[in-house]
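Engineer: Each chain, letter by letter, is given below.
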Amino acid sequence: MMSSSKSPTGGDAAVISFARQPSAVMACLVVLLAAAATLSLFAGRYAVSARDVVSVLMRLARGDTMAAMDSAQAVLLHVRLPRIVAAIAIGGALSAAGAAYQGMFRNPMVSPDILGASAGACFGVALGILLGWPVAAVQAVAFVCGLAAVALTCTISSRLSRDPDSILVLVLAGIVVGAVFMSLVMLVKSVADPYSKLPAITFWLMGSLAAVTARDVPLLAVPILGGLVPLMLLRWRLNVLSLGDDEARALGVNTQRLRLVVVTCSTLMTAVTVAVGGVVGWVGLVIPHVARMLVGPDFRFLLPGALLLGGAYLLLVDALARSALATEIPLGILTSLIGAPVFIYLLARVKRGGWA
Amino acid sequence: MRLEVRHLDCGYGTHAVARDVSLTVNGGEVVCLLGPNGSGKTTLFKTVLGLLRRLAGSITLDGSETSHWSQNRLAREIAYVPQSHTPLFPYRVLDVVVMGRAARLGLFAAPGRRDLELARAALDEAGIGHLAGRPYTEISGGERQMVLITRALVQEARLLVMDEPTSNLDFGNQVRVLRRMRDLAAGGIGILMTTHYPNHALICADRVAILHDGHMVAQGAPAEVITEQMLSAIYRVDTRIHRLGGGHESPALVCTPHLGAKRL
Chain F
1 MMSSSKSPTG GDAAVISFAR QPSAVMACLV VLLAAAATLS LFAGRYAVSA
51 RDVVSVLMRL ARGDTMAAMD SAQAVLLHVR LPRIVAAIAI GGALSAAGAA
101 YQGMFRNPMV SPDILGASAG ACFGVALGIL LGWPVAAVQA VAFVCGLAAV
151 ALTCTISSRL SRDPDSILVL VLAGIVVGAV FMSLVMLVKS VADPYSKLPA
201 ITFWLMGSLA AVTARDVPLL AVPILGGLVP LMLLRWRLNV LSLGDDEARA
251 LGVNTQRLRL VVVTCSTLMT AVTVAVGGVV GWVGLVIPHV ARMLVGPDFR
301 FLLPGALLLG GAYLLLVDAL ARSALATEIP LGILTSLIGA PVFIYLLARV
351 KRGGWA
Chain Y
357 MRLEVRHLDC GYGTHAVARD VSLTVNGGEV VCLLGPNGSG KTTLFKTVLG
407 LLRRLAGSIT LDGSETSHWS QNRLAREIAY VPQSHTPLFP YRVLDVVVMG
457 RAARLGLFAA PGRRDLELAR AALDEAGIGH LAGRPYTEIS GGERQMVLIT
507 RALVQEARLL VMDEPTSNLD FGNQVRVLRR MRDLAAGGIG ILMTTHYPNH
557 ALICADRVAI LHDGHMVAQG APAEVITEQM LSAIYRVDTR IHRLGGGHES
607 PALVCTPHLG AKRL
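Chains as they are written, first to last, in the numbering used here: chain F, 1 to 356; chain Y, 357 to 620.
The hints are simulated quantities; they were obtained by calculation from the structure and are not laboratory data.
Note that CB positions come from ideal geometry on N, CA and C, so glycine has one too.
Be aware that a few hints might be false.
Unchecked claim - Here are a few chain F residues that face chain Y, going by a calculated C-beta distance under 8 Å: (1) Ala50; (2) Pro108; (3) Asp216; (4) Arg237; (5) Arg249.
To be verified - Some residues of chain Y that are not near chain F, with every Cβ distance over 12 Å (derived): (6) Leu379; (7) Asn393; (8) Arg410; (9) Gly413; (10) Ser420; (11) Gly456; (12) Thr493; (13) Ala508; (14) His552; (15) Ile559; (16) Ala579; (17) Tyr591; (18) Arg592; (19) Asp594.
Build the full structure now, drawing on both the sequences and the hints.
Structural biologist: Given below as structure tokens:
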């Protein structure tokens, strides 16, 4: 009945691509992730055969991982498989956290890196390495520092700007808080032992999965699931939250409680990835946008979509990192080199349309 | 349904923007709030919706005090129709409408088939069923306003609070939105709205309340409240009210500003 609709069917031609079949796109993403994982089994300096892969998978299925095996099988079981799980977990967690942050802050420019969560977690981990703490304690400190950084960013932003949805002020506050925490990391580095601790911190800061072992897998997976499960359960409410505080409350949503849960879960996931894999930048900013293009903005599809796409993306980048050159390229360097131009491309798209 | 606002003080923090406001809205009634920018209309709305803490006074719905109601319970009774806006992300129209179900779904639930059917039926009833699959960001302002009204209906609230539903719309869409509001009131829903157009209040409202500098200065039937003196006093422009011969219908009133006179 309204002015711009030409005919009852006129609208259908304008239905944009994602609206067609988000579930079909999701199925494609599952296939992509499986293909990336398979490819990763074979990528790397040490050549393995398909027979080695099958035999290792059979051993895993039987629960028989202790018996003697040849070196190709050992590489698969103790190096590549844990690394594949870690890449999926870290890529998926950063992307899901980024999507949740973007919806909650109604701000397409935010990500775990930009809000200061990564920098805060970095400081926690650097401190943990300096003091020689066990992994679980390092993760806990990373989480607390990450949460403190995000809280600081939000507080500064709300004090400086009357408009709670101001994109610019929130991003600037995040940059300031990130810079402060990164200089604290420098401080830790400056007092670290230059022969043992300093190289460890420096190499870990570049972002890498090279040191991931089977022992790290539960330490990574359990806290990530702890953050992911609540987000997945609440994901339809994230749609309502992204309308803005007043509107969401008038629709009956307890926004204060929901925001607290979403910030805590997203920051937990981010902090854990930093503790295990170091700084893997740009994933949490870029992948949610690409996922939104593919499956649309509805969090019922966007959150699992970002998870799958982020996992597949980091698998492929990690495979590239360990096979492109004779020595391994740190993962964080590659994700920045790829992420920055992709983000410029996304910005150019946004100039023409919306944050589709 | 009967919303009663009694001696309400509302504002931000401890600073009162509106004082001693009393107002009643019954089911089946359109009550129109007029007042210049900054008169406290939005503050009053936010307080009624439970988005701002009241400073003094009472708000009751069917006799029960709403101050201790959860946001969820309030949303089941009172729906908010914001000004036609563009959200950040391009949700489909159907997905925007079904968000009206949030107050009636469990914390971890997503809308099911019944909710979607309800949303589709409401869109059809509003005559915009063909928009269901379109991105909300790509439809016109008039269509967006109709979508937001539809969302409020899917919320199954008994009172709609509408913030300038006719602003930013072209002439035809203004009339369509006003007609839709009359239809909804005829179905028993209470409507509390603001407008910047006195003529819309004259056409559409059962009662008019005038808020000026945070005080309720007049309240009553549109023809009694919207007078040349009142409009001149609150908007500080010279205005004439004309009575149109209406045949067998009751005579209609229209107001026109008078550009020739100097500002009062």
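Engineer: Each of the hints needs a verdict: does it hold here or not?
Structural biologist: Here is how each hint holds up against the structure:
Given the 8 Å rule on beta carbons, the hint for alanine 50 of chain F is violated: about 41 Å separates it from the nearest Cβ of chain Y. The interface hint given for proline 108 of chain F holds, since its Cβ lies 7 Å from the closest Cβ of chain Y, which is under the 8 Å cut-off. At its closest, the beta carbon of aspartate 216 of chain F sits 31 Å from a beta carbon of chain Y; the interface hint therefore is violated under the 8 Å criterion. At about 7 Å, the closest approach between the beta carbon of arginine 237 of chain F and any beta carbon in chain Y falls short of 8 Å, and the interface hint on this residue holds.
With a cut of 8 Å, the hint placing arginine 249 of chain F at the interface with chain Y holds, because the nearest CB-to-CB distance is about 5 Å. With a closest Cβ-Cβ approach of about 18 Å to chain F, leucine 379 of chain Y is found to remain outside the 12 Å limit, as its non-interface label requires. Separation of asparagine 393 of chain Y from chain F is adequate, the least Cβ-Cβ distance of about 17 Å exceeding the 12 Å criterion. Against chain F, the non-interface label of arginine 410 of chain Y holds: every CB pair exceeds 12 Å, the least being about 15 Å.
Glycine 413 of chain Y, annotated as away from the interface, keeps every beta carbon of chain F farther than 12 Å; the closest lies near 20 Å. Under the 12 Å C-beta cut-off, the non-interface status given to serine 420 of chain Y relative to chain F holds; the minimum distance is some 18 Å. A beta-carbon of chain F comes within 12 Å of the beta-carbon of glycine 456 of chain Y; the shortest separation is about 7 Å. With a least beta-carbon separation of about 5 Å from chain F, threonine 493 of chain Y fails to lie farther than 12 Å from that chain, contradicting its non-interface assignment.
The non-interface label for alanine 508 of chain Y is inconsistent with chain F: the shortest C-beta to C-beta separation is roughly 9 Å, within 12 Å. With a closest Cβ-Cβ approach of about 20 Å to chain F, histidine 552 of chain Y is found to remain outside the 12 Å limit, as its non-interface label requires. Distance to chain F confirms isoleucine 559 of chain Y as a non-interface residue, since its nearest Cβ pair spans about 19 Å, more than 12 Å. For alanine 579 of chain Y, the condition that its CB be more than 12 Å from all CB atoms of chain F holds, with the nearest at approximately 30 Å.
Distance to chain F confirms tyrosine 591 of chain Y as a non-interface residue, since its nearest Cβ pair spans about 27 Å, more than 12 Å. For arginine 592 of chain Y, the non-interface assignment is confirmed: its Cβ lies about 28 Å from the closest Cβ of chain F, beyond the 12 Å cut-off. The Cβ of aspartate 594 of chain Y sits about 33 Å from the closest Cβ of chain F, beyond the 12 Å cut-off, so the non-interface label holds.
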